[in-house]
Amino acid sequence: MDCPSDTVFILEDVNLFFGSVPILTDVNITIRQRSITSIIGPSGSGKSTLLRTLNRLNDHYPTFRCTGLVSYCGNSIYDNRNGSVDVSRLRQDIGMVFQKPCLFPTSIYENVLFGVKRLKLRPKSEFYEIAETMLRAVFLWDEVKDRLKHSANELSQGQQQRLSLARALACEPKVLLLDEPTASLDPKSSEAIESLILKLGTRLTVIFVTHHLEQAKQLSETVIFLSDGCVCEWGGVDAIFSCPDKIMTQQYLAGHAS
Amino acid sequence: MMTSVRGRGLVGRFWFLLTMLTTVLSVMLLVSVVSVMVAKGGAVLTWEFFSQPSRSFGAEGGIRSQIMGTLILAVGAGLISLPIALGTALYQSEYLSLRFQSVVMRLIYALNGVPTILFGLFGYLVFGLYFGLGISWLSGVLILAMMILPTLVVSIREAIESIPVQYREAGLALGMTIPQLIRTVIIPYSFHGIVTGLLLGLARATGETAAILFTATTFFGVDLPKSFNEPVTTLQTHILVLSQEAVHLSATSAVWGSALTLMVLVFCFSSGALVIRSRFGVKV
Ligand SMILES: Nc1ncnc2c1ncn2[C@@H]1O[C@H](COP(=O)(O)OP(=O)(O)O)[C@@H](O)[C@H]1O
Ligand SMILES: [Mg+2]
Numbered sequence: 167m168d169c170p171s172d173t174v175f176i177l178e179d180v181n182l183f184f185g186s187v188p189i190l191t192d193v194n195i196t197i198r199q200r201s202i203t204s205i206i207g208p209s210g211s212g213k214s215t216l217l218r219t220l221n222r223l224n225d226h227y228p229t230f231r232c233t234g235l236v237s238y239c240g241n242s243i244y245d246n247r248n249g250s251v252d253v254s255r256l257r258q259d260i261g262m263v264f265q266k267p268c269l270f271p272t273s274i275y276e277n278v279l280f281g282v283k284r285l286k287l288r289p290k291s292e293f294y295e296i297a298e299t300m301l302r303a304v305f306l307w308d309e310v311k312d313r314l315k316h317s318a319n320e321l322s323q324g325q326q327q328r329l330s331l332a333r334a335l336a337c338e339p340k341v342l343l344l345d346e347p348t349a350s351l352d353p354k355s356s357e358a359i360e361s362l363i364l365k366l367g368t369r370l371t372v373i374f375v376t377h378h379l380e381q382a383k384q385l386s387e388t389v390i391f392l393s394d395g396c397v398c399e400w401g402g403v404d405a406i407f408s409c410p411d412k413i414m415t416q417q418y419l420a421g422h423a424s
Numbered sequence: 050m051m052t053s054v055r056g057r058g059l060v061g062r063f064w065f066l067l068t069m070l071t072t073v074l075s076v077m078l079l080v081s082v083v084s085v086m087v088a089k090g091g092a093v094l095t096w097e098f099f100s101q102p103s104r105s106f107g108a109e110g111g112i113r114s115q116i117m118g119t120l121i122l123a124v125g126a127g128l129i130s131l132p133i134a135l136g137t138a139l140y141q142s143e144y145l146s147l148r149f150q151s152v153v154m155r156l157i158y159a160l161n162g163v164p165t166i167l168f169g170l171f172g173y174l175v176f177g178l179y180f181g182l183g184i185s186w187l188s189g190v191l192i193l194a195m196m197i198l199p200t201l202v203v204s205i206r207e208a209i210e211s212i213p214v215q216y217r218e219a220g221l222a223l224g225m226t227i228p229q230l231i232r233t234v235i236i237p238y239s240f241h242g243i244v245t246g247l248l249l250g251l252a253r254a255t256g257e258t259a260a261i262l263f264t265a266t267t268f269f270g271v272d273l274p275k276s277f278n279e280p281v282t283t284l285q286t287h288i289l290v291l292s293q294e295a296v297h298l299s300a301t302s303a304v305w306g307s308a309l310t311l312m313v314l315v316f317c318f319s320s321g322a323l324v325i326r327s328r329f330g331v332k333v
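Residue numbers (my numbering), protein chains in the order written: chain B, 167 to 424; chain R, 50 to 333.
Treat the hints as calculated values from the structure; they're not laboratory data. Hints may contain errors.
[As the list claims (entries may be wrong)] Okay, the calculated beta carbon distance ranges per label pair:
| no. | chain 1 | residue 1 | chain 2 | residue 2 | range |
| --- | --- | --- | --- | --- | --- |
| 1 | R | W96 | B | E298 | 50 to 60 Å |
| 2 | B | P208 | R | L67 | 48 to 58 Å |
| 3 | R | Q215 | B | D172 | 49 to 59 Å |
| 4 | B | D352 | R | R62 | 46 to 56 Å |
| 5 | B | D352 | R | L323 | 37 to 47 Å |
| 6 | R | F65 | B | E357 | 54 to 64 Å |
| 7 | R | E207 | B | F183 | 49 to 59 Å |
| 8 | B | S186 | R | I227 | 55 to 65 Å |
| 9 | R | S327 | B | P353 | 36 to 46 Å |
| 10 | B | D352 | R | Q215 | 46 to 56 Å |
| 11 | R | E143 | B | E295 | 44 to 54 Å |
| 12 | B | S186 | R | L79 | 49 to 59 Å |
As the structure is a prediction and not an experimental result, all values here were calculated from the model. Virtual Cβ for every residue (Gly too), placed ideally from N, Cα, C.
Chain R on its own, in the form it takes in the complex (with noise of 0.2 Å):
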């Protein structure tokens, strides 16, 4: 039944090759990225590569600054702009009309197709130089934070809107105040949705490396920053720097060593996120 639906003619056969070729295209391109980063940089991956800073400009040592760095900036974004996207949701969806609603989630689309770089560059001249905090770790986790409140406004604002009505009913029957009902209600209700969005939000933090280049990392000589308006390394600007700089043969196994690790990384991040959205995501 299904071959004959799909193999019909030879504009059928033409279509399901076509597409099926674009398929295996998208797959082999996955795959080889995967298997050249793990063929590469897989040998370097030891305890020690883990758990020592680097040496000689990143041809000895290892990476524990810069894999502190990234978490640093990731995790420091997403505690900042989880409360924020978190208000901004609730705003909307419970005390906006349904016009205003829709503007506002426009913004915050339009926020989110905003290039990275502009986010830079912005961070730069308001933290960095109005605010005095200079390349600091703090500049990159607001810049940052900036950066991924769309995307956790948008999941939690799913997330509030799947929360079946009747739920909605039950509180208000029982004379709870709107407050009332997103303590007990709204926020219990929609709780998949925000640690969703905020895994989404981590993995893209986590990734992001234009917006941070030049506000709050450095190549080289730091390890965990002590104060305010110190900067971090990260996973990125090592990858960025020493690809590009490298003449050791030990430096250039240590770019593919930080790749790996940071697409680990990442794709930690956006598979929790995958898993607590199919579990909890549609039903309730």
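Just chain B, same shape as in the assembly (with noise of 0.2 Å):
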């Protein structure tokens, strides 16, 4: 899907519900194309799942509701009235990197080329090439460059998780959604994935989810604050960390300052 404007998601009167209880309510925003979004906010505060409802991934969850329009590039992604979303399509335009790096039981090879070849997105005389760049875009290439047909198990944290961005990478995503991608790993290794979402941020959308605050200021040109069950404040990363409207975005960053 090409994006026609400047906007890639526009969230309108947007709520959030696990069966009856409300997770998200009124969530009223937009993100630019090609800009780096971060989502702060006290643990438990809907983060994850507002992250996860962009790209549809709460669906597997039978008790997940959506209220209001959320629209991708132009497109309702939870209407399903005329001409229903391809949702696998839509998720094949929107990567995915988790907390906790989840790689599958095969080679590092294989697994850098998994989306790659089980969509069929390229020509199978490519696949090196694919891997080899992907690799190397996350500074992986020089690692693992003579295993690559050893498990990916093999590999460290921090190495598995540049791993599963790259195989996010290969896919060639316009937009990338990032939950928590420092969290589990190492000072160097969290080093090497933040430089990388600033890198990636001038060519694709980058959302991501942090409780690092320093992090959020840092790479993030966009924030958005949640906290008890709605977006509490969001805009400009100056604007929000240099002087906060609300009380409650204050105190917030005040207890986490040290």
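Reconstruct the complex from the two isolated chains, following the hints.
What follows is the structure in structure tokens.
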């Protein structure tokens, strides 16, 4: 899907529920193309739920419900009335990396190409080249080039996370969602992921969840702060961090400043 | 610490002793069954016993045809039951809503409780008479396949349910459709459950007697079946018939030899299942 406008996601009056429990209400945000957005807020405030709404990954929970308008590149993605939404196509457009790296029980090489091969995105002759390009892009090539056929589980946690990222990038997504991508990593691997986010932000739309305020401050242009079941405040990173409007935001930022 | 807790007071000591005695009783039961069988049947277990067909109505020769027959029925049943069980388990977990899942599971458990002689009767009427297979190994295979289906479904379902949700989500997030997810994530990750279920099913089918007695087996006069509608002879039938009719001493020891062989076969399948379950079952 090509985005006609500068806006990738528009959320209008969105409410998210699990069963009858409202998780987030009255969400109204827009996300610009080729920008980096961070989602912050206390644990349990619905950061993951909001992020996963964007690629409909909550769908496999039978009790999940979403009302209001969620539009991706001008198409309402929860509206199944006229010509149902191709969820699998949507998720190919929107790559995702989770907190805990989750690789498949095969080799490093097969893992990078997992999506590309299964979805038949590219001809076979290009596979090796794609693998190399993607592994280079996540600074992993030099570490694994001699053992591409080895099991991906041999890698360290940080390497595994970079491999997950390479796997997502290999499908050439337009949007990248990351749910606390550095939360279970050592400082050095975190740094690698952070500089990757910065680099990718120039050509992709990146949206990431973090509980690490410094990370949000340094990487993102836009910040969405969730608290008490709604989007408490959102806007440019400088505005949010230097002069937040709401008391709640001030308190949260102050509490996490140390 | 432990001693003081379990031995505290008269009531505590009573329960400790009672449960210990029942445990000793069950272990002794098992030990005596095994040791009687080894003592009585161990001596006849020679290479000839395994490799020769029986002669003189079991009094002479070996049990080659019986072993083959038992394995044909069990393995055949496993091969037919496996794809059906896999399909059932996948359909439930991937497509059915939670409410219907539990309905189907209840049916499966109910099927598991049906006395095996009823499977035999049903199979005799449907496969034997209606489809004209008669008393044949194919009838037996089909009957046993039905009989072990619940065992396989339950085992595969458990394995699918134990796949961490992250793996499912990693696949979905890459844009996989459900068939792709099944092929690349669900089946590889529940493989241990599939194998465990198959082995447990094989163990059950190997030991089954009632359901195949009058539908698939004959006591004497067959070796390997040459067509679909021929019966086989099995270790189970051999034991049953010989133990009732044997007058020769050598026939009696053949019974014990057959019993021991059958027990070892069943034991191999079920301990294989145990090993796989304990090695791959919990962690993934
Ligand atoms: N599958 C689910 N079923 C029911 N409730 C859920 C489910 N997933 C998350 N929740 C609830 O939604 C709320 C927000 O969760 P989450 O989005 O994971 O928070 P965060 O990522 O900000 O820590 C929590 O109260 C959580 O208990
Ligand atoms: Mg979360």
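Here's how the hints hold up against the structure:
1. One distance hint, 50 to 60 Å for the beta-carbon pair R:W96 and B:E298, holds here, with the actual separation near 58 Å.
2. Hint check: B:P208 to R:L67, Cβ distance near 54 Å, so the stated range 48 to 58 Å holds.
3. In this structure the supplied range 49 to 59 Å is violated for R:Q215 paired with B:D172, their Cβ-Cβ distance being about 34 Å.
4. Checked against the hint of 46 to 56 Å, the C-beta distance between B:D352 and R:R62 comes to roughly 55 Å, which is consistent with it.
5. Take B:D352 and R:L323: their Cβ atoms lie about 39 Å apart, and the range 37 to 47 Å holds.
6. Distance hint check for R:F65 and B:E357: the Cβ-Cβ separation is about 59 Å, which falls inside the suggested range of 54 to 64 Å.
7. In this structure the supplied range 49 to 59 Å is violated for R:E207 paired with B:F183, their Cβ-Cβ distance being about 30 Å.
8. Restraint check, B:S186 to R:I227: a C-beta distance of roughly 28 Å breaks the suggested window 55 to 65 Å.
9. Separated by about 38 Å at the C-beta atoms, R:S327 and B:P353 satisfy the suggested range of 36 to 46 Å.
10. Under the hint 46 to 56 Å, the C-beta atoms of B:D352 and R:Q215, about 20 Å apart, miss the expected range.
11. For R:E143 and B:E295, the Cβ-Cβ distance of about 34 Å falls outside the hinted range of 44 to 54 Å, so the restraint is violated.
12. In this structure, B:S186 and R:L79 meet the distance hint of 49 to 59 Å, their C-beta atoms being roughly 53 Å apart.
Figure legend: structure checked against the earlier numbered hints; hints not met, in rising order: 3, 7, 8, 10, 11.
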